[in-house]
Structure formats: C-alpha cells, structure tokens
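The residues making up each chain are set out below.
There are 2 protein chains.
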Amino acid sequence: MDVRIGDLGEFGLISKINEIVKKEGKIADGLSLGIGDDTASILPRHGYEILVTCDSMVEGRHFLLEKTNFFDLGRRAMAINISDIGAMGGRPLYSLISLGLKKEMLLKDIEDLYRGFLAELNPFGASIIGGNLTGTGNGIFIDITLIGEIESGKAIKRSGAKPGDVILVTGYPGQASAGLKVLLKSTGDPFLMNHPIVDFYLRPKHRAELGMAVAKAGLATAMIDISDGFLGDLGHICEESGVGAELFIDKIPINEQLKEVAQILGTDPREFFFGESDDYELIITCNPKDVKKISDIALDLKVTVTEVGRITESKKGIVFSGEDRSAFTAKRGSWDHFKD
Amino acid sequence: MDVRIGDLGEFGLISKINEIVKKEGKIADGLSLGIGDDTASILPRHGYEILVTCDSMVEGRHFLLEKTNFFDLGRRAMAINISDIGAMGGRPLYSLISLGLKKEMLLKDIEDLYRGFLAELNPFGASIIGGNLTGTGNGIFIDITLIGEIESGKAIKRSGAKPGDVILVTGYPGQASAGLKVLLKSTGDPFLMNHPIVDFYLRPKHRAELGMAVAKAGLATAMIDISDGFLGDLGHICEESGVGAELFIDKIPINEQLKEVAQILGTDPREFFFGESDDYELIITCNPKDVKKISDIALDLKVTVTEVGRITESKKGIVFSGEDRSAFTAKRGSWDHFKD
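Protein chains in written order, with this note's numbering: chain S, 3 to 342; chain E, 3 to 342.
One or more of the hints may lead you astray.
Copies of the same chain look alike in the list, so a pair counts if it fits in one copy or across any two.
[As the list claims (entries may be wrong)] Using 27 Å as the maximum straight-line C-alpha spacing, the simulated BS3-like pairs for lysine-lysine come out as follows:
1. K69 - K104
2. K218 - K183
3. K105 - K183
4. K218 - K291
5. K294 - K164
6. K28 - K156
7. K187 - K105
8. K25 - K69
None of these hints come from the bench; they were simulated from the model.
Please work from the sequences and hints to get the whole structure.
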C-alpha cells in the first residue's frame with residue numbers, strides 16, 4: 003500500500019529522507035556536520051571562496067504535476083541551482099532543501115524527488131546537508147540553496163565584459179521555451195507531445211563542467227546562465243558591465259529540431275532563441291584571442307559553442323546586425339513573475 | 003497611492019529591495035560579492051567553520067496576515083534562523099531570502115518585511131546577500147537560509163550530552179505557545195488580546211548572544227533551541243546523544259505572566275512549558291561544575307537560566323521527578339507539520 007506522508011508525520015518523513023540521503027548520496031569534502039542538528043557545518047578550504055545561490059519552484063507556476071514526474075522535478079530543481087554555481091565557474095558542494103508539501107502526498111513520490119536531487123549532485127560528489135519541511139495548504143514548493151566553492155579570485159562575474167569582447171553561447175537556446183509551449187498547448191498531437199524538444203524543458207542540462215573549466219583557465223570576462231531568456235540574460239551582463247552588445251542575427255544557432263517544432267507552432271524560431279526561456283545554457287564573453295581556447299575546452303566536453311556577437315560601448319544598447327536584421331525585430335522580453 | 007508589486011514587476015521589485023538592503027543594511031565581513039550575480043560569494047576566515055541553516059514560514063500555517071504585520075513577520079522569520087545559528091554557538095553573517103508572493107501585495111509591505119529582516123541582522127553586522135522572488139497563486143511563503151561562522155571545533159552539537167550533565171533552560175518557555183493560543187482563540191477579550199504574552203509568539207527573541215558566549219567559553223556539552231517544544235527538543239538531544247533525562251517537575255520556570263494566562267485559558271501552565279512551542283529559548287547541558295560559569299555569563303546578558311534536570315543513562319528515557327510528579331503526566335508532543 004502507498005504510504006501518505008501525513009501518516010508518517012514530519013519526523014517520520016525526515017527519517018525516511020535521511021535514509022535515502024545517506025544510502026544513495028555522497029559525503030562532500032569539507033562537510034563537518036550534516037543533517038540532524040540546529041545547523042550543518044562546513045570546513046571551507048583555505049584559498050577558496052564560498053559561492054551561494056538559491057532558487058525556488060512553485061507548483062502551477064514552474065511546474066505542473068500532471069506534466070512531469072517527481073524524479074524529473076527533483077533533477078530540474080537541482081540542475082537550475084547547479085547551473086548558477088557553474089555560471090560563476092564554481093563547483094557545487096552542499097545543498098539545503100526546503101520543501102512545502104501536502105499531507106496527502108505519497109512517500110514514494112518524495113523519495114523520487116530526492117533521488118532526482120541526488121542524480122544531479124552525485125556526479126560532483128556534492129551532498130544534501132540540511133533543509134526544512136513544512137506543510138502547505140495549497141500547491142507545493144521546492145526551494146534549494148546550493149553552496150559551492152571556487153579558487154579565490156577566479157569567480158566569473160556578470161560585470162567584467164568589455165567593448166570588443168566576443169559573445170559566445172553554448173548549445174541551442176530556445177528549445178526549452180519551445181518545449182514548454184508544446185507542453186502547455188497540450189494539442190494532443192502525439193508527434194509534438196513525444197518530441198525530444200519537450201525534454202529540454204522537463205529535463206534541462208546545466209553547463210557547470212564547462213563553466214568550471216573556463217573559470218579555471220581564466221578565459222572569460224563575464225558569464226551567465228540563460229534562465230531569463232537570451233536577451234534578458236545578455237541584458238544583465240550589459241547592465242552590470244556598463245556595456246552594449248551587437249548581435250549577428252544570421253549567426254545565432256538554431257538547430258533542425260527547433261526549426262521543425264517552431265514551424266509546427268507557427269513561430270519564428272528566433273523568437274524562442276531570444277525570448278523568455280529556461281535553457282541553462284551559458285553566455286560567455288571573452289577577449290577575441292581566447293575564443294579558440296574556449297571552443298577547444300567545450301569540444302572536449304562535447305558542448306557546441308557559437309560566436310553570436312560583440313560587446314560594444316554602453317550607449318548603443320543591444321542592437322542586431324546582419325542581412326536578416328530588418329526582417330526580424332526581437333522584442334526584448336524576459337520571464338517576469340509578477341507582471342500582470 | 004499604494005504601489006502593487008504586480009505593477010512593479012520582478013526586476014522592479016528586486017531593484018526596490020536592493021535599495022533598502024544597501025541603504026539600511028550592513029556589509030558583513032568576508033562578503034566578496036552580494037546581490038546581483040548568479041551567486042553571492044564569501045571569503046571565509048581561516049580557522050573558522052561555516053554554519054548553515056534554513057527555515058521557512060508559510061501563510062496560514064506559521065502566520066496569519068490578519069494577526070501580525072509585515073515588519074514583525076520579517077523579524078520573526080529571521081529571528082528563528084538566527085536562533086539556530088546561535089544554538090550551535092555561531093555568529094550569523096549572511097542570509098539568502100526566498101519569497102513566494104502574490105502580485106496584489108503592496109510594495110510598502112514588502113519593504114516592511116525587509117526592514118524586519120534587517121532589524122534582526124543589523125545588530126550582528128550580518129547581511130542579506132541574495133535570494134529569490136517568485137509568484138504564488140495561493141498563500142505566501144518566506145524561506146530563509148542563514149550562514150554563520152564559528153571558530154573551528156567550537157560548535158556545540160546536540161550529540162554531546164553525557165549522563166550526570168545538568169540540564170539548563172533559559173527564560174520562561176511556554177509563553178509563545180500560550181500567546182499563540184490567545185491569538186487563535188480570538189476571544190475578543192481585550193485583556194487577553196493585548197496581553198504581553200502574545201508578544202512571545204509574534205515577536206520572539208533568540209538567545210544567540212548567549213549561545214555564542216557559552217560556545218566561546220567551551221562550557222556546554224550540548225545545546226538546542228526550543229522550536230518544537232521543550233520535551234520535543236530535549237528529546238532531540240537525548241536521541242542524538244544516546245542518553246535519557248530526569249526532569250525536576252517542581253523546578254521548571256513558570257513566571258506569573260504564564261500562570262495568569264494559563265489560568266484564564268483553563269490550562270496547566272506546565273502543559274505550555276513542556277508541549278509544542280516556539281520559544282527560541284535554549285536548552286543547554288553541561289558538566290555540573292560549569293553551571294555557575296554559564297549562569298554568570300547569562301546574568302551579564304540579562305538572561306535567566308534555570309537548572310531543570312539531569313542527563314541520565316539512555317534506557318530510562320525522559321522521566322519526571324519531584325513531589326508534583328504524580329499530579330502531572332506530561333504527554334510528549336511536538337509540532338508536527340504533516341500528522342492529520
């Protein structure tokens with residue numbers, strides 16, 4: 003029979019979670035005290051900085067339980083945090099997981115959720131070191147704090163881009179956005195619903211290994227992960243660095259998969275590329291002389307990198323260039339949680 | 003006119019929050035990168051451990067907006083996290099705040115919430131270094147991750163209590179529980195509703211300064227803050243230390259205020275003391291020879307400390323002794339978020 007978490011109670015559930023974390027998780031370097039006290043405790047490495055980020059997902063807003071499963075949900079919630087640590091060039095190490103749950107939820111689903119978290123943490127030898135459980139009346143939430151480390155002074159900020167720098171992007175952004183549109187439209191079209199592009203939304207991949215390698219080699223001037231859409235996140239770099247950008251409209255990477263789905267959906271694929279999207283690809287800016295080195299590192303990690311523009315003086319803002327420029331005017335937009 | 007956060011949008015709200023944090027907050031030692039990048043960054047002090055905790059509050063479960071105000075809500079949410087760091091003996095330094103908000107909320111309320119956070123952080127020179135904002139359809143939540151530091155090896159765990167140790171408690175636990183009962187009963191009785199005991203629930207005080215001083219002096223064998231009720235939290239110490247406890251029923255500190263309210267509510271005040279309660283007082287165990295030193299430190303900080311029992315061999319569990327023992331059988335209970 004399936005056990006409801008309301009039957010287990012808070013401490014019963016904590017004990018079940020601890021079992022999974024101990025049995026299927028790793029013990030991260032430097033962890034001096036894990037789950038089970040007022041706080042966790044870490045002994046940081048000398049000469050390293052500690053990176054901290056948090057990101058939350060709310061039912062009905064960031065996920066629909068009928069469109070995903072708990073394992074994928076756990077992976078996704080952890081991957082988006084790993085992506086933030088990776089976008090600084092850091093190595094993920096310790097996570098705290100705060101859940102708002104409903105008492106009618108099943109233990110096996112919560113266990114799958116934690117297996118999803120661990121599937122993303124284990125490749126880094128990273129641990130779940132604490133968290134909080136609470137009941138919610140309406141709609142569950144997952145809030146993760148992830149702590150990482152980076153050699154002191156090596157973190158790649160948003161604020162270091164300089165005029166003349168090359169703008170690189172990894173992979174093929176826009177697919178997550180197209181995948182979400184397929185999910186939300188629920189056309190019932192089995193070709194679309196089972197299209198691999200849906201995976202880019204439900205099971206996104208971070209680029210933390212690439213971020214770590216680029217930071218270690220000291221090759222990037224700025225870096226950010228795409229969680230607000232390409233233009234939104236390039237905009238963050240421009241704002242923090244006090245620069246503008248010129249984008250080569252003819253050079254942006256759009257793969258056949260995105261073209262195919264965009265055509266069925268009747269949308270210009272570049273709208274998916276530039277607009278609101280959670281792709282967790284990286285935007286990297288660097289000195290032109292370092293493009294080859296970054297591409298080689300990416301190649302080793304089997305990641306595609308494309309040169310899509312240049313950083314310019316601030317007063318120009320973000321502009322497009324290329325033959326197709328007039329045919330395409332991208333409206334700058336990014337996901338905003340409160341706008342009506 | 004009052005501005006709704008839905009009118010500001012996510013990035014508009016973030017910018018308003020940054021203003022308050024910069025203008026009214028402190029920059030904690032060791033902070034190398036604050037709000038505004040993929041992650042925050044900290045340069046930890048050599049020879050110190052990093053302590054991390056998180057705790058969340060959910061509307062309708064941990065607070066009712068009609069029974070509190072946003073400033074008090076912010077203070078309370080931060081104080082309960084500071085209490086956890088303090089219960090390890092640590093100094094709070096950096097916080098990340100994750101909020102689930104409704105778009106019809108007012109900017110001035112969110113500003114008051116942050117002023118509440120800062121009112122608790124500023125005395126420690128601690129900072130807000132990051133966070134996350136998201137919309138929720140139904141019911142807001144506040145999830146705080148708090149990071150602190152402690153000299154390496156000085157953290158006081160739950161697991162160090164030994165048979166023969168004295169059990170000390172600070173202040174007069176049970177008042178928060180009685181205050182909550184007054185709030186929830188909403189008798190309309192103005193004497194009760196304006197009774198200062200309500201403050202113990204709405205505006206709890208942590209004992210972090212005492213925890214820090216006791217840890218620095220190396221005087222405690224175990225320490226925990228009372229967030230699940232006295233018996234629940236003493237139970238955590240017993241479980242983690244593999245010990246039992248004898249409690250002197252005639253010695254537990256019940257002040258006139260709690261007696262008065264308990265009488266009106268028709269409840270034995272000891273039920274409030276032992277049962278589910280969020281008092282954020284400390285339970286400290288120590289070698290009998292250190293009781294005087296701890297009491298002297300507490301006296302300097304104007305905190306009352308009472309000796310309420312002894313740690314015993316594990317097999318005895320938690321038992322009561324004293325003349326009034328047979329007249330009072332406390333049912334072990336603690337707040338459980340999922341039990342039906």
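Numbered hints the structure breaks, given as an ascending list = 2 and 8
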